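Read top to bottom, the protein sequences are chains X and E.
What the first sequence shows, in the working numbering, is residues -11 to 306, in sequence order.
What the second sequence shows, in the working numbering, is residues -11 to 306, in sequence order.
Don't take every hint at face value.
[What the hints assert, rightly or not] With the C-beta cut set under 8 Å, the calculated list includes, among others, these residues of chain E facing chain X:
1. A70
2. S92
3. E97
4. A231
5. L233
6. K303
7. E305
Hints listed in this document are in silico derivations from the structure and should not be mistaken for laboratory results.
Note that the structure is a prediction, hence the values are computed from the model and not measured.
C-beta atoms are modelled at their ideal positions from N, C-alpha and C, and glycine is treated no differently.
Number of protein chains: 2
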Amino acid sequence: MRKRNWVAIATWRMALEGFVQHEAAIRDGKRASEFIPDLVQAVEDYPFYKSVGYGGLPNENGVVQLDAAFMDGDTLAFGAIAGIEDFANPIRIAKQLSVERYNSFLVGEGAMEYARNAGFAQKPMLTERAEKLWQIRKRDIVEKGLAPYDGHDTVCIMAQDQEGSIVAGTSTSGLFMKKAGRVGDSPISGSGLYADSEAGAAAATGLGEDIMKTCVSFQTVLFMQAGMTAQDAVDKAVSQATAQLVRHRGVAGDISVVCVDKDGNFGAATNTDEFSYVVMGEDMRPTVYLTDKHGEHRLADEAWMQAYYDERHKKIED
Amino acid sequence: MRKRNWVAIATWRMALEGFVQHEAAIRDGKRASEFIPDLVQAVEDYPFYKSVGYGGLPNENGVVQLDAAFMDGDTLAFGAIAGIEDFANPIRIAKQLSVERYNSFLVGEGAMEYARNAGFAQKPMLTERAEKLWQIRKRDIVEKGLAPYDGHDTVCIMAQDQEGSIVAGTSTSGLFMKKAGRVGDSPISGSGLYADSEAGAAAATGLGEDIMKTCVSFQTVLFMQAGMTAQDAVDKAVSQATAQLVRHRGVAGDISVVCVDKDGNFGAATNTDEFSYVVMGEDMRPTVYLTDKHGEHRLADEAWMQAYYDERHKKIED
C-alpha cells in the first residue's frame, strides 16, 4: 500500500504529553485505529487535567460521570458511552463498542454493566484535588452567586495514518457541576466528532448543548468532502454555526473544532478568545498552536507553556 | 403575522390516531411547539404500538427503556432523554429539557431523577402483551437461533405551523431485545431529527446504529437549505446515506426519513420495501401513504389499513 504523509491533531494543550509519548510508535507506522485510543488514554490518565478521565471535575452531586466516543472513518464504525462512573479509560470502551453492528452506544447503568462484563479496568475517578475544587465551587455558587457552569475542555484527537485511514476519538467528564446524567456533544456522532476516510474528520469542544444544535463536526467534514481544505472547511463551519446560533438565539456558546482532510492537511477554528491545539505529522514534531476567533494562528511560546503548566499544578487554596 | 399553509408529517401509520384526534386544534391555529408533543403523546399512550411508549417492547432484561427528543426550529432549542423507565410520556420531558441552555440531554438515572423532581407522570410501561412477546422472542432466540433484533419503528413527527415555525419530535422504545442502556438515533440531533425554521426539518427511523453513521436528518435539512424541495432533498439524502454505508461496510441497515421544507412541502424516502407515513395539511385530511426503495408513493388502501390493524391487535399465541 502506498505510504502517505500522516498527521494527527488534538484539541487543547493537554494532549501534548500523549503525543510525545506515542510519537515514535506512530512514526513507525502504527495504525490510527490503534494509536488514537493510546493518545486519548494518555489524557484520561493524567490526574491534573480537570475535564477528562481521572481527575475530571464531578457533576452537581460530586460524582465524576464520563462520556467518550470513537469513530473509524474506514468503516464508519461508531461506538460511544455516556454517563459512566469509575472506569479508567472510557475511550477503550467506546472503541470496543464501535465494532458492534447493534448496541454500539450505551449509557448509564447498562453501559457500566457492559464494561464490567467486558473486563474494563475500574478505578475511582474522583481525585482529592477535583473534590476540593468541587467543594470550593459549591460554596462560591451559594456565597457569591456564581454560575455553576464553566470548564468543558473535551479532548478530541484525530489522525490520518500512513495508510490513509482517518480515525477520531473524544473523551470528557463534561460540564463542571452538570446535572446527573447530562450528556454533551462529545459522544454524539456529527456533533462531537465525525470521521470518513474518503473526506476527513472533525471534532468539537465547547458548550455541548450548542454544538448539538449545529452538528458542526459533520458540517466540517461535508465541506471537506466538497473539496475545501481542512482549514477553509473548519473556518467556514465554525463561523456558520456561530452565526446560526446568534441568528436563532441571540447568543452562541463556545465552539472550537479541529479537523484533518483526506490529503493530510489539518485545520482548527474557534469562536473564543483562545483555543490551543496540538499537531504532529511526518514533518513536524508535536507542536502546540494557539488560535482565536479572528482566525490567527501562532506557536505557543515558552511563557504560555509555563503559565499553562503552573495553572494546572497550582496548589488549591480553600 | 402572515398565515401560511401548514403541514404535518409522521413516520409510520401508527401516528394516524393522534393526527385525527388533534386535527381540529391544529387547523384552528395551535402552534407546532404545542401540538407536536400532543401528536407524539397519542402514539406513546396507544398500547398496541410495540415500539413507542406504553406497550413498547422491552430490552434484553425485560425492561422497557425509552428515548425521546424535541427540537424547535425557531430557536434550535433541543431537548432529549435516553434510557428512562416507567415515565408515561418521554416526549414531554424532552420538550421541557429543550428550553434549558445547559443540561438539555439527560440519560439513565439522572434523567429519571430530573423527571421525578419535575413531576412528570410515572407509569409501569411494560404491558402484558409486550411481556408475552418478549418471552416468545427469548424462547425463539434460544430454540430457533433467531437474531434478537428487529422492530425499531420510531415515531417521528414534524410540522410547519401557520406562523411558519418548524418543530420536530421523536419517541421510541428502541430495538427489541436491545442491550440495557442502548441508545439509538432517536434522541440524537442530526441523526434522529433536526429542525431549523429557516430551512426545514427531517427525522429518521430504522437501524439507529447506521443512521448515526450518516447523520441523515441533518443532511436532509442541508439539502433543503441549499434550495432543494423536501422530496428531492430526502430522496438524495437517503440514497446517499445508503450508498455511503454500502461503500464503507458492504451493507446498509434500514433507513426511512420524513421531512418538511420551509415552503410547506413534505417528503418521505426509504431504502426498505415498505415504509408508511402520515400527512395532513391545510388542504389535506390525515392521510396514510406508502413508499418504497424505488421511490414510488401510493395511498394506503383499505385492505392495507385493515391488515395493519389486524396485525397490531391479533391475539398473541404462545
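Task: Hinted contact A70 of chain E with chain X - closest CB pair below 8 Å - done: Given a least distance of 6 Å, the restraint on A70 of chain E holds.
Task: Minimum beta-carbon distance criterion (8 Å), A231 of chain E to chain X - done: violated, 11 Å
Task: Status of the K303 of chain E interface restraint (C-beta, 8 Å, chain X) - done: violated, 29 Å
TODO: Double-check S92 of chain E for me: the hint is only fine if its C-beta lies closer than 8 Å to a C-beta in chain X.
DONE: holds, 5 Å
Open item on the list: Checking hints one by one. Is L233 of chain E an interface residue toward chain X, by the C-beta closer than 8 Å rule?
Closed with: holds, 7 Å
- [ ] Answer holds if the nearest beta-carbon of chain X is closer than 8 Å to that of E305 of chain E; otherwise answer violated.
- [x] Hint on E305 of chain E: violated, closest Cβ of chain X at ~27 Å, above 8 Å.
Open item on the list: Take the shortest C-beta to C-beta distance between E97 of chain E and chain X; is it under 8 Å?
Closed with: holds, 6 Å
Going through the hint list in order, the structure does not satisfy hints 4, 6 and 7.
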